[in-house]
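J.: What follows is each chain in one-letter form.
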Amino acid sequence: MTTVLLVEDDRAVSEAVAMRLQANGFDVTQTYDAATATMAIRKAAPDVALLDINMPAGNGFVVAERLKRLDSSTPFIFMTASNREESRTKALSMGAKGYLEKPFSAQALLTAIEDTVA
Amino acid sequence: MQYKKSAVPNHQNPPGSPEASELRVLFVDANPDRAQLTLRAMTQYLPGFAGEVVAGIRSASLLASAARYDCVVAHQRLLDDERAVLQSLRSADDYSALPVVVIADRTDCTDAVHAMRAGAADFLAERTLTPERLLGAIRSAVHRSSLDAALAQQNIDLQHENLSLSRKQELLADSQRQLAHTLLTPLTAVSEYISMVLDGVGGNFSNDQGRFLAVARGRCSELQTAIESMVSLSSAEPCGEQAVKSVVLEPLINDVLDQFSLQAALKGIHFGCAIDRQVQCVVADEYELQGILIELLTQMIRACSASGNILVLAEPDVEQAGQVKLILRAQLGPYGNSPADLDPQGDETPQPNARHLPGGLLLETRVDTDLEFAFSLPAALATA
Chain V
-1 MTTVLLVEDD RAVSEAVAMR LQANGFDVTQ TYDAATATMA IRKAAPDVAL LDINMPAGNG
59 FVVAERLKRL DSSTPFIFMT ASNREESRTK ALSMGAKGYL EKPFSAQALL TAIEDTVA
Chain U
107 MQYKKSAVPN HQNPPGSPEA SELRVLFVDA NPDRAQLTLR AMTQYLPGFA GEVVAGIRSA
167 SLLASAARYD CVVAHQRLLD DERAVLQSLR SADDYSALPV VVIADRTDCT DAVHAMRAGA
227 ADFLAERTLT PERLLGAIRS AVHRSSLDAA LAQQNIDLQH ENLSLSRKQE LLADSQRQLA
287 HTLLTPLTAV SEYISMVLDG VGGNFSNDQG RFLAVARGRC SELQTAIESM VSLSSAEPCG
347 EQAVKSVVLE PLINDVLDQF SLQAALKGIH FGCAIDRQVQ CVVADEYELQ GILIELLTQM
407 IRACSASGNI LVLAEPDVEQ AGQVKLILRA QLGPYGNSPA DLDPQGDETP QPNARHLPGG
467 LLLETRVDTD LEFAFSLPAA LATA
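Protein chains in written order, with my numbering: chain V, -1 to 116; chain U, 107 to 490.
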């Protein structure tokens, strides 16, 4: 079963995304900030990380940097509600495998993860 | 020096230019006696006029840097190498520096062009020099120098304003990002929960429940569209940098003159262009400005062609901050006659003709005599 590390500070969004992924056969670990995400990565490297960009006390880019240091082989996908072009550019320059703009459809989410894992 | 009383052209006595008693002028001449004569004539006819005479460039340079002068009047005989001399008295690219008016012992338009290109503020023939004419040239040069400084300051102010606008734009962009995040994040949760229920993740539901949720999902889509539109609008630039489309006058005029050169040469008409500094003008269409120059020169050639050889000189005169007047002056007859020596043709009264062009450009054509055509256009900046 594919493991997904979900890093999202908004609890409602986190629950919704986690439920959707679990309904499609993914094993999801939910974290709500950069610190707990780092601990989770150290505990067990996921198959794919789904990272919200805008979070207080450490954004998704910080988590991605830590992830790359701990396990450079883990792919990651960014999620964001901001349509800032600079974010997209930075995300891709960091090596993100996907970039989802909220609100995204269930299909877009599943496609992004399946394409990344494949 | 002949003391002919003649009217000083209007453009040499612009409003706001200093009075004779307010000026301090340095006269530089290899023949100090000649310069003293000039100075004596100036003080005799113009009460309050103050000046000093030096014989050499080195002395002039030392005096100019040590004392406050408003203008230097240099005799052309001193200027074997005008460029080096004029640059020793003023920085070539510093428009707030001392203006230099050159007096020549003969009217040679080639020398005039060289002197203007070397940085002279004006060029006068000694043979027809009068105190009034010299004073007019000095006042005009000093006035232009102060306007150059004002325009340079305007440049600086505009740059600061642009920087301020950029900072404000960045603040606005940051606010827009925060707004997008605040609105779209909860909407994501709402949309996703509705979708999961409709997809059966939470179990079965009735037809009515399905219909209600479908309506809710539709309204979420509308809300998303509205938020994204609002965010897009708020990210639009409220005002951008003030961009000036530079049009440099000298090459533009030279291009136009080149178009006339062949036909003009057959009529014995020769062109020259002496613009001693770059001027940036705000124009909506550079080609339209070129068309206007062609029209002006066509009028001039028609008016003057019957008189034989003419030489056209174009010189800009910054009247006031924000305006540049371009004067096209023709010299009729053999080289050496100044327009003031010849009577105006007919009984022409000035016929101002204003035309508004796109981009806020105002073109005013004024024919004072058959010999001078002037038009004004706005200058946003003058380059340093």
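Source of the hints: derived by calculation from the structure; they are not laboratory data.
Note that this is a predicted model, so its numbers are computed, not measured.
Yeah, the Cβ is synthetic: ideal placement off N, Cα and C, and Gly gets one too.
Some clues are possibly wrong.
What the hints assert, rightly or not - Taking CB as the label site, the calculated pair distances span: (1) ASN268(U) with THR109(V): 52 to 58 Å; (2) ARG40(V) with GLN275(U): 53 to 59 Å; (3) ASP280(U) with ALA43(V): 32 to 38 Å; (4) ALA43(V) with ILE262(U): 54 to 60 Å; (5) PHE318(U) with LEU108(V): 38 to 44 Å; (6) GLY316(U) with LEU108(V): 20 to 26 Å; (7) PHE311(U) with ARG67(V): 34 to 40 Å; (8) ARG273(U) with ALA106(V): 35 to 41 Å; (9) GLY316(U) with ALA43(V): 38 to 44 Å; (10) MET37(V) with GLY316(U): 39 to 45 Å; (11) ASP280(U) with ARG40(V): 30 to 36 Å.
To be verified - Calculated cross-link-like contacts (lysine to any residue; reagent style SDA-like; alpha-carbon spacing at most 25 Å): (12) LYS274(U) with LEU264(U); (13) LYS88(V) with ASP280(U); (14) LYS66(V) with GLY96(V); (15) LYS41(V) with SER85(V); (16) LYS88(V) with ASP31(V); (17) LYS88(V) with ARG273(U); (18) LYS88(V) with ASP314(U); (19) LYS95(V) with ASP69(V); (20) LYS41(V) with ARG82(V); (21) LYS95(V) with ARG273(U); (22) LYS88(V) with GLN282(U); (23) LYS88(V) with LEU264(U).
What the hints assert, rightly or not - If you want a taste of the chain U side facing chain V, the calculated C-beta under 7 Å gives, among others: (24) SER272; (25) GLN275; (26) HIS287; (27) LEU290; (28) GLU298.
J.: Which numbered conditions among the earlier hints are violated in the structure presented, ordered from lowest to highest?
T.: 1, 2, 5, 7, 15, 18, 20, 21, 23, 24, 25
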